[in-house]
Amino acid sequence: MKLFTNTSEFDYPWERVTAANWNKYPNEVSTHVIAVDVLKREVKDNGNVLVTERLITVQQGVPRWIMTLIGCKDNKSYVREISTINLRERSLKMRSCNLSYVNILRVFESVDYIPDPVAPHEKTIFKQEARITAYGTFSRICDSMEEFSIKRFCDNAQKGKIGFEKVLKMFNDTTDEISTTIVNKYNETVDDIKRYNMFQDIERKCTILSDYYDIFNDAFARS
Amino acid sequence: MGNIMSSSFAPECTELKQVYDECFNKWYSEEFLKGRGENERNPCLKQWQLYSQCVALHITKDKDLKESLDQARLEAPFESGGELINNKDNKK
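Sequence lines, in order, name chains A and B. Each residue of the first sequence is one higher than the one before, counting from 1 in the UniProt record's numbering. Each residue of the second sequence is one higher than the one before, counting from 1 in the UniProt record's numbering.
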């Protein structure tokens, strides 16, 4: 089991962050999230607590030839998420786990949004933790598999932060002038990501096995 | 807000989802966050029923998804806020 943790801060009050959280996707940075569905929702504790179960549909970019080679229909995978918003505590907890490829890899993610203790009405702290476990008979590769997942998780966490910042801004600003600034800012961050990807391409040869390991393993399991 | 709203995993439900989301987002900001979440009347009930029926139907059609969802609901129930009910690894 590998543990990944990440903390960051948003310059928006907690209430606004939680409202924007429902509209986090789609955003142009985290394009791997293609659909979000609400499965169950309950208001509890005299209207102070809202619990929501969601199904997140993810599509990672896997080359078509690999899909054809292994006879996969599509490269969609699912994540189930339970979020709990507590108005009295001013807390938003999100607990999620992958539903697909669970016999190969398990990612249990916890996200907490809480007001910054120093500036509770201006800033929100974001804490993220992921427990990643690789299973299967290929126990020797499991270690590198877990390492790889951490890497992808870091990439997606970074993207998630940039994407969410953008949504928060859209939520906040309405004037055209500010929108232009956002577009420019956004283009800059996209350029940063592209540059980052270039470095990743250099490492491609080393990681290609683990990159598509889950797909291959899934194909073997089916045959 | 001018925000683009997300799709449903089942394209047939996307329109119903967006109608529901629009209602929910309004309710969340204007009612829930102001501590009026438990008003006698849920303004989005009708939209919710139509959307959730659609989603439930399409989940039933996908056997793999249905099974993995049922399993996840046992391991990390809605009632426990999605926390794993036993920390022990119960897989293999």
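None of these hints come from the bench; they were simulated from the model. Each hint should be verified, as a subset may be incorrect.
Computed cross-link-like contacts, PhoX-like style, restricted to lysine-lysine with a CA-CA straight-line distance of at most 25 Å [what the hints assert, rightly or not]: (1) LYS44/A to LYS61/B; (2) LYS76/A to LYS66/B; (3) LYS127/A to LYS159/A; (4) LYS76/A to LYS44/A.
| Which numbered hints are broken by the structure, listed smallest first? | 1 and 4
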